[in-house]
Amino acid sequence: MQIPAPFDYVRASSVDNALALLDRHGPESRVVAGGHSLLPMMKLRLARPDWLIDINDLFELDYLLVDGPVLRIGAMTRHTTLLESDDVRRLFPIISDAERVIADPIVRNRGTIGGSLCQADPAEDLSTVCHVLEAVAVVRGPAGERMLSMADFHRGPYETAVAQNELLIEVRIPIRTGSASAYEKVERRVGDWAVAAAGASVTLAADGTISQVAVGLTAVGLDRNVTEVEAVLIGQAPTEALFVEAGLLASRSCDPLADQRGPVDYKRHLADELTRRVLRAACRRAAASASDTTTQEG
Amino acid sequence: MTILEDRPSNPAAGDHDRPIGHGRMQRKEDPRFVRGKGHYVDDIVLPGMLHGAILRAPVAHARLVSIDTTEALAHPKVLAVITGSDLQALGLAWAPTLSMDIQAVLVTDKVRFQGQEVAFVVAEDRYAARDALELIQVEYDVLSPVVDARKAMDPDAPIIRDDLEGRTDNHIFDWEAGNKAETDAVFASADVVVKQEIVYPRVHPAPMETCGAVADFDAVEGRLTLYETTQAPHAHRTLFAMVSGIPEHKIRVVSPDIGGGFGNKVGIYPGYILAVVGSIVTGKPVKWVEDRSENLMSTSFARDYIMQGEIAATRDGKILALRTNVLADHGAFNATAQPTKYPAGFFHIFTGSYDLAAAHCTVTGVYTNKAPGGVAYACSFRVTEAVYLVERMVDILARKLEMDPAELRLKNFIKKEQFPYPNKTGWEYDSGDYEPTMRLSMKMAGYDELRREQKEKRERGELMGIGISFFTETVGAGPRKDMDILGLGMADGAELRIHPTGKAVVRISVQSQGQGHETTFAQIVAEEIGIPPEDIDVVHGDTDQTPFGLGTYGSRSTPVSGAAVALVARKVREKARFIAAAMLETRPEDLEWEKGRWFVKGDPSVGKTIAEIAMGAHGTVALPEGIDGNLDAEVTYDPPNLTFPFGAYICVVDVDPGTGHVKVRRFIAVDDCGTRINPMIIEGQIHGGLTDGVGMALMEFIEFDAEGNCLGGSFMDYLIPTAMEVPDWETGFTVTPSPHHPIGAKGVGESATVGSPPAVVNAVVDALSPFGVVHMDMPCTPARVWEAMQGRTRPPV
Ligand SMILES: Cc1cc2nc3c(=O)[nH]c(=O)nc-3n(C[C@H](O)[C@H](O)[C@H](O)COP(=O)(O)OP(=O)(O)OC[C@H]3O[C@@H](n4cnc5c(N)ncnc54)[C@H](O)[C@@H]3O)c2cc1C
Numbered sequence: 001m002q003i004p005a006p007f008d009y010v011r012a013s014s015v016d017n018a019l020a021l022l023d024r025h026g027p028e029s030r031v032v033a034g035g036h037s038l039l040p041m042m043k044l045r046l047a048r049p050d051w052l053i054d055i056n057d058l059f060e061l062d063y064l065l066v067d068g069p070v071l072r073i074g075a076m077t078r079h080t081t082l083l084e085s086d087d088v089r090r091l092f093p094i095i096s097d098a099e100r101v102i103a104d105p106i107v108r109n110r111g112t113i114g115g116s117l118c119q120a121d122p123a124e125d126l127s128t129v130c131h132v133l134e135a136v137a138v139v140r141g142p143a144g145e146r147m148l149s150m151a152d153f154h155r156g157p158y159e160t161a162v163a164q165n166e167l168l169i170e171v172r173i174p175i176r177t178g179s180a181s182a183y184e185k186v187e188r189r190v191g192d193w194a195v196a197a198a199g200a201s202v203t204l205a206a207d208g209t210i211s212q213v214a215v216g217l218t219a220v221g222l223d224r225n226v227t228e229v230e231a232v233l234i235g236q237a238p239t240e241a242l243f244v245e246a247g248l249l250a251s252r253s254c255d256p257l258a259d260q261r262g263p264v265d266y267k268r269h270l271a272d273e274l275t276r277r278v279l280r281a282a283c284r285r286a287a288a289s290a291s292d293t294t295t296q297e298g
Numbered sequence: 001m002t003i004l005e006d007r008p009s010n011p012a013a014g015d016h017d018r019p020i021g022h023g024r025m026q027r028k029e030d031p032r033f034v035r036g037k038g039h040y041v042d043d044i045v046l047p048g049m050l051h052g053a054i055l056r057a058p059v060a061h062a063r064l065v066s067i068d069t070t071e072a073l074a075h076p077k078v079l080a081v082i083t084g085s086d087l088q089a090l091g092l093a094w095a096p097t098l099s100m101d102i103q104a105v106l107v108t109d110k111v112r113f114q115g116q117e118v119a120f121v122v123a124e125d126r127y128a129a130r131d132a133l134e135l136i137q138v139e140y141d142v143l144s145p146v147v148d149a150r151k152a153m154d155p156d157a158p159i160i161r162d163d164l165e166g167r168t169d170n171h172i173f174d175w176e177a178g179n180k181a182e183t184d185a186v187f188a189s190a191d192v193v194v195k196q197e198i199v200y201p202r203v204h205p206a207p208m209e210t211c212g213a214v215a216d217f218d219a220v221e222g223r224l225t226l227y228e229t230t231q232a233p234h235a236h237r238t239l240f241a242m243v244s245g246i247p248e249h250k251i252r253v254v255s256p257d258i259g260g261g262f263g264n265k266v267g268i269y270p271g272y273i274l275a276v277v278g279s280i281v282t283g284k285p286v287k288w289v290e291d292r293s294e295n296l297m298s299t300s301f302a303r304d305y306i307m308q309g310e311i312a313a314t315r316d317g318k319i320l321a322l323r324t325n326v327l328a329d330h331g332a333f334n335a336t337a338q339p340t341k342y343p344a345g346f347f348h349i350f351t352g353s354y355d356l357a358a359a360h361c362t363v364t365g366v367y368t369n370k371a372p373g374g375v376a377y378a379c380s381f382r383v384t385e386a387v388y389l390v391e392r393m394v395d396i397l398a399r400k401l402e403m404d405p406a407e408l409r410l411k412n413f414i415k416k417e418q419f420p421y422p423n424k425t426g427w428e429y430d431s432g433d434y435e436p437t438m439r440l441s442m443k444m445a446g447y448d449e450l451r452r453e454q455k456e457k458r459e460r461g462e463l464m465g466i467g468i469s470f471f472t473e474t475v476g477a478g479p480r481k482d483m484d485i486l487g488l489g490m491a492d493g494a495e496l497r498i499h500p501t502g503k504a505v506v507r508i509s510v511q512s513q514g515q516g517h518e519t520t521f522a523q524i525v526a527e528e529i530g531i532p533p534e535d536i537d538v539v540h541g542d543t544d545q546t547p548f549g550l551g552t553y554g555s556r557s558t559p560v561s562g563a564a565v566a567l568v569a570r571k572v573r574e575k576a577r578f579i580a581a582a583m584l585e586t587r588p589e590d591l592e593w594e595k596g597r598w599f600v601k602g603d604p605s606v607g608k609t610i611a612e613i614a615m616g617a618h619g620t621v622a623l624p625e626g627i628d629g630n631l632d633a634e635v636t637y638d639p640p641n642l643t644f645p646f647g648a649y650i651c652v653v654d655v656d657p658g659t660g661h662v663k664v665r666r667f668i669a670v671d672d673c674g675t676r677i678n679p680m681i682i683e684g685q686i687h688g689g690l691t692d693g694v695g696m697a698l699m700e701f702i703e704f705d706a707e708g709n710c711l712g713g714s715f716m717d718y719l720i721p722t723a724m725e726v727p728d729w730e731t732g733f734t735v736t737p738s739p740h741h742p743i744g745a746k747g748v749g750e751s752a753t754v755g756s757p758p759a760v761v762n763a764v765v766d767a768l769s770p771f772g773v774v775h776m777d778m779p780c781t782p783a784r785v786w787e788a789m790q791g792r793t794r795p796p797v
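Note that the protein sequences, when read in sequence, are chains V and D.
Under the working numbering, the first sequence has 151 at position 151, and the numbering climbs by one with no breaks.
Under the working numbering, the second sequence has 314 at position 314, and the numbering climbs by one with no breaks.
Treat each hint with caution, since some may be false.
Beyond 12 Å from chain V on every Cβ pair, some chain D residues (computed) [claimed, not checked]:
1. Ala80
2. Glu589
3. Thr781
Covered, in the sense of this in silico footprint (three residues per stretch, anywhere, with C-beta under 8 Å from a C-beta of chain D), are these stretches of chain V [as the list claims (entries may be wrong)]:
4. 152-158
5. 225-237
Calculated from the structure, these hints are not laboratory results.
Note that the Cβ used here is the ideal one computed from N, Cα and C, for glycine as well.
Just need the whole structure built from these sequences, with the hints factored in.
What follows is the structure, encoded as structure tokens:
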């Protein structure tokens with residue numbers, strides 16, 4: 001059995017209580033959500049907090065809500081809840097695609113979206129998804145609530161804008177009509193972290209041209225969207241030739257490292273291949289839902 | 001799913017599922033496992049028990065400069081900190097391995113692999129023991145390591161084993177089998193010769209339960225009780241007696257339920273010895289259980305063979321000869337568990353299932369700065385490597401000759417009438433009938449249809465591969481005239497007692513790690529004696545309660561111990577005949593046996609059941625001369641030969657051309673393990689082994705970086721397959737009994753692990769053949785497959 005260094009433990013009863021506890025116990029205290037990132041690090045003694053503040057009783061942060069033009073996701077929402085939600089599958093198939101390949105059911109039953117985003121592991125899937133969907137992170141601290149774009153929230157590998165005495169409370173995703181999305185990941189085995197992955201979201205205008213697009217990559221050293229593809233795709237009708245071009249841009253924009261999952265050129269190749277695949281799938285889905293709506297209206 | 005046998009809809013239901021003897025029945029041990037009532041080493045709690053933890057070396061090769069335990073000893077819960085120099089004072093710093101080498105229990109002079117044992121802390125609880133490890137200060141003088149076995153014999157290579165007197169290099173052994181001159185001559189005149197380097201990378205057994213021990217030394221009685229995760233409790237008892245100086249009759253080794261072994265739990269690890277030392281030093285029982293990383297980094301790995309293969313044939317596809325030179329990476333200590341005469345195990349079964357004119361192999365073992373071990377992971381003493389080599393080489397030859405790989409195999413099989421078949425490296429294959437097994441697998445697969453589908457898919461640019469492997473194993477070690485381990489013959493004992501009420505207990509020397517011994521061995525007795533398996537208790541795993549024998553590994557339990565159990569039951573049956581005759585007032589030769597009962601020839605209504613005879617034996621029946629008042633017997637079985645199970649495996653894969661991801665779509669496994677005692681248990685063994693095989697072929701690999709850091713030290717990096725990676729197994733069987741085994745059974749525990757990797761790799765290579773790929777080494781991860789498609793296949797080491 002791997003055993004962490006000694007620590008103290010307290011269960012928070014509310015968001016305010018959690019914030020107070022973080023304040024009281026100071027820099028060596030940390031919240032634990034699903035624990036699927038933090039506990040393994042503690043067992044390897046790579047993380048050694050003096051205090052663990054358990055936020056699993058904060059049921060008020062476990063929700064999925066379609067609220068007008070946004071989907072609001074509480075920070076304590078488990079992966080499983082996201083995977084099983086019909087609203088999520090309908091509005092943001094990219095989330096369902098990603099959740100299907102995040103870890104395994106045991107991890108998904110406990111792991112949370114808040115923990116995933118705050119962990120900001122470079123191979124973590126939901127950060128890419130949130131970048132692509134232009135999500136907004138709601139962060140609360142002693143000074144009140146802040147709303148951050150993903151670009152401001154996500155500062156790089158293992159680094160976010162959430163201060164030690166703050167909590168991520170909610171993730172808000174804008175709902176766009178005419179849009180669809182997709183995610184695809186290559187892994188060495190089910191449950192493994194990504195060798196590389198890509199996500200895309202597109203909005204098709206009434207004439208079938210692309211009016212909005214975002215492409216993101218996972219595990220290849222790019223902490224932002226592949227914004228270069230916008231100039232190529234926006235205003236164009238989706239074609240295979242455009243996807244090929246976008247794929248090339250994606251493979252050029254990234255900066256992968258060689259490791260046990262593969263060499264650099266393979267990962268670049270995957271950035272290209274997977275970008276093409278997710279754009280294709282997202283456009284297909286957007287077109288399909290547009291024709292569904294037309295049929296219904298007609 | 002095709003299973004050529006009816007599977008009862010509710011296996012617990014009808015009488016046909018409660019065989020009195022061989023047949024499909026649920027495992028007797030399973031209720032306790034599925035209800036969480038198994039009892040493993042880590043479940044053992046003794047009064048006053050302390051906990052040990054091992055400090056391990058962070059680097060692969062370093063001189064130990066100093067070690068300061070003051071702070072650790074000052075920890076309020078720490079009772080002892082043991083270092084190499086403490087052990088040196090006791091003469092226990094080094095222990096013999098199972099291969100005539102020695103291994104450091106704790107480092108005294110030099111660290112030789114990352115994760116090597118440096119110090120042992122004994123504390124009141126396991127938390128304190130771990131915390132105290134951080135308080136030990138060690139200074140290392142880092143040396144350059146030998147990581148690549150190919151460089152181990154370079155003149156400027158650092159010498160790893162400078163502890164051994166007169167060592168000037170990293171060479172361990174050279175070994176050969178077969179006739180070199182004869183083989184070279186056949187090669188020289190052959191039409192076609194193909195060569196290929198084939199690497200079987202280092203993998204790890206990774207049993208679910210890691211290794212551990214609870215040592216309880218009673219200083220007053222001078223008695224040691226040692227609870228251990230071991231596959232070979234009796235062999236361990238003898239070795240502990242030899243190493244520790246505690247006399248053997250004062251040592252009791254108990255192996256409780258074992259959560260998987262696969263060879264990982266054959267050897268004696270420093271942790272076991274340290275638990276004993278800890279108990280002697282503190283006077284209290286000491287528990288030591290390693291964690292997952294310790295298990296992956298420091299205990300017996302498997303394989304690590306770099307093989308140069310060559311195969312010779314005529315132009316029309318008659319295989320003539322096979323030869324290979326192997327470089328074997330044995331790590332820092334030669335700690336494989338091999339029969340003494342065979343430093344490369346049974347690798348010389350590499351002639352496979354084919355009738356060859358000549359064969360020759362050489363194996364060179366070298367030291368590297370990696371964890372020791374070598375024979376582990378369901379390998380049947382290196383049969384895994386041998387089968388992989390020959391089955392890859394035959395496929396490569398088929399490609400060269402532009403022949404279908406199934407056809408090439410069928411053309412070259414040893415024929416039924418050639419058995420018993422003496423091969424060119426000294427084995428005598430006991431029995432075989434290969435063609436029907438191969439044909440059955442092809443029929444189940446729809447082989448011709450698959451090839452048609454593949455052709456169509458290729459035209460569309462889709463990558464589909466079909467891989468075949470036909471393996472022959474040599475298992476059930478082994479005859480005392482041929483083999484031993486550290487001087488111990490490889491026999492097994494069995495002891496059977498029929499209680500007065502007709503219930504029985506059979507005591508065996510082998511130790512189950514999940515193979516279902518409590519069921520299989522009860523069924524063997526049931527078949528011979530005719531009482532239901534439920535009425536027969538199987539006792540194993542406690543040296544105080546069972547007869548001596550060498551334990552469970554190399555698929556030897558059924559070939560050796562199974563034979564012992566059948567014979568002891570027959571002995572009891574014969575004894576029962578004499579007692580029955582006395583009871584029926586007739587002569588033994590006038591009695592006839594039917595399952596469970598002796599009756600008078602010609603008058604079946606007059607007879608005695610085993611239960612009646614048992615009561616008679618223990619009761620007041622006047623016993624004949626020379627027959628004592630019980631229905632018990634014991635035997636020790638020395639097998640006359642090994643057994644040679646075989647099988648035909650066909651694997652179908654689809655490769656994603658854009659990502660290199662391999663999906664195993666179908667896997668057809670037809671096994672022939674002779675007489676089938678419990679088909680359900682056999683299928684379970686096959687399913688598990690096939691899963692192992694897919695894991696090795698696609699993902700498992702203990703990798704090291706240039707500094708000798710182990711990169712496979714957790715399940716994040718050492719990948720083992722899940723249900724998602726494997727297809728619905730399609731199993732079938734043929735039955736070719738072993739002629740020399742009392743019930744005709746052969747071993748089956750490792751067949752699928754041995755036979756499946758080449759089928760998967762052959763399928764992957766077949767799928768990639770449009771890219772000109774002739775060979776790729778395991779593991780076939782997406783990245784490595786993609787690199788192969790770019791013409792950049794590279795060995796994993
Ligand atoms: C075997 C395995 C495989 C995995 N595979 C994948 C994968 O393929 N893809 C993937 O994306 N992920 C994967 N994960 C990670 C998994 O998704 C984790 O659940 C997730 O990364 C962390 O979520 P958590 O709720 O468990 O966070 P925790 O481990 O509890 O916390 C992680 C960090 O976030 C902080 N934190 C948590 N919640 C908040 C909050 N509300 N506000 C501020 N800080 C907070 C914690 O203090 C901690 O520092 C895997 C994990 C495992 C164990």
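Hints, one by one, checked against the model:
1. Consistency note on D/Ala80: stated as away from chain V, and its beta-carbon is indeed over 12 Å from all of that chain's, at 19 Å minimum.
2. Here D/Glu589 stays apart from chain V, with its beta-carbon at least about 63 Å from theirs, past the 12 Å limit.
3. Here D/Thr781 does not stay apart from chain V, with its beta-carbon only about 5 Å from theirs, under the 12 Å limit.
4. Restraint check on the segment 152-158 of chain V versus chain D: 0 residues with Cβ-Cβ distances below 8 Å, three needed, restraint violated.
5. Taking a C-beta to C-beta cut-off of 8 Å, the segment 225-237 of chain V contributes 0 residues in contact with chain D, too few for the three needed, and the coverage statement is violated.
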